[in-house]
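S.K.: Chains W and E, in that order, give the protein sequences. Sequential numbering of the first sequence, starting at 1, is according to my numbering. Sequential numbering of the second sequence, starting at 1, is according to my numbering.
Rather than coming from a laboratory, the hints here were simulated on the basis of the structure. Heads up, the beta-carbon is just placed ideally off N, CA and C, and yes, glycines get one too. Treat the hints loosely; a few may be bogus.
Claimed, not checked - Examples of chain W residues lying across from chain E (beta carbon under 7 angstroms, computed):
| id | residue |
| --- | --- |
| 1 | I114 |
| 2 | Q115 |
| 3 | I122 |
As the list claims (entries may be wrong) - Covered stretches of chain E, as calculated for chain W (at least 3 residues, CB under 8 angstroms):
| id | stretch |
| --- | --- |
| 4 | 203-211 |
| 5 | 217-226 |
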Amino acid sequence: MSVRHALLALLSEGPKYGLQLREEFVARTGEVWPLNVGQVYTTLQRLERDGLVESEDGAEPGPQKGYQITAEGERELGEWLRTPPDLSSPPRDELVIKVLVALTVPGTDVHEVIQAHRRYLIELMQQWTRLKEEDGGADVAFALVVDAELFRLDSVVRWLDSADGRLKRAATQAPVGRTNPKLPRRTGARR
Amino acid sequence: MSVLELRQISKVYGEGPAEVHALRGVDLSVDAGMMVAVMGPSGSGKSTLLTISGSLETPTSGEVVVEGVSLSGLSRSAKAQLRRRRLGFVFQDYNLLPGLTAVENVALPLELDGTSARTARRAALAALEELGLPGRADRFPDELSGGERQRVAIARAVVGERRLLLADEPSGALDSAAGETVMRMIHAACNRGVAAVLVTHDAQLASWADRVIFLRDGQVADQTRPPHGPESLLAKEPSQ
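Next comes chain W alone, as it looks inside the complex (with noise of 0.2 angstroms):
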């Protein structure tokens, strides 16, 4: 989460002080995301030595001081808006990793750790869900935000589930004696 960004969408429908940027950022993000003050204020700080926002002329450094934001500002903030975040390249996922390292460990048995990441992921869904219930749907930006994580995390429990059934049906491919096929292996070997 940028809050550079963040700052200057709330500029962008107006001047504001330093202390309703901070209020508006928690409550717009559904109050799931702090935001301490000094981080706002560095973070403007940033913003108008870059040209992207401008403060009032002679006020004192603190929660009354106005800011709004520049032409500059509204071109890269639109920019920012239209360029997807770099998820081209796989990431080093931890999980996946230890998944194929279980497959190497003499004595470990895959699909237990396997089983052991899913629970703890669908725990994770069911704090996450439950916060959805509480809330009740009345927040749309809290919704919105709550099921990206639970998105996110389906697709792993997804992903260890058909490892789960691939790791099974090579298994029984194995010729016997052999309880480590290539797959694993090769997969490493690409990473």
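Following the hints, complete the assembly by docking chain E onto the known chain W.
M.R.: What follows is chain E alone, placed relative to chain W:
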């Protein structure tokens, strides 16, 4: 008090080399007001667990107890009565009768059980209203959206004095918003004291449950621990 108790339930289909062990010594206890989700890969025994819990199938060994009554001692007609009065089923494909309106579908189990048509209709309308469908009561299933049909199916499953709701992939064919509505409905039924068992492969659905059990090769392989307070999720700092 447990609404549903499974004690050492096993189920074997076929004989000899064709023998398949669908369930092996499964224990499960579901209290009033609790929702339990059952997850597991295809063939792990999820659906068998549900049909045995709902007295639609008999276990090879073990005991099913619903509200303190062991099903093994009940006659066929007594089991049918139990299903009409105390159990509700929700399936992925809704299973509504196309020739009956929404309210008639919901009232049907009550009428079959001897409740007068008028009283049954009143109870059915109340159930539909609770699920946000009062204006759709006189529509036929093919005049309703998928989400509305599933809400009618849930109303039918909880109408009257039903204590145990058994659901098999209840939002399987719905989009995520309609699926969430369905889960909110089931959750609301649990808040009124209904016990629910939900079979699903969908982690988002399962995350509505108080407890998730994982079946593997017919056995309970694992289950979730009681959840921590959700506040622990709200402490992450954003990046600069």
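S.K.: When the structure is checked against the list of hints, which entries are broken? Sort them ascending.
M.R.: 1
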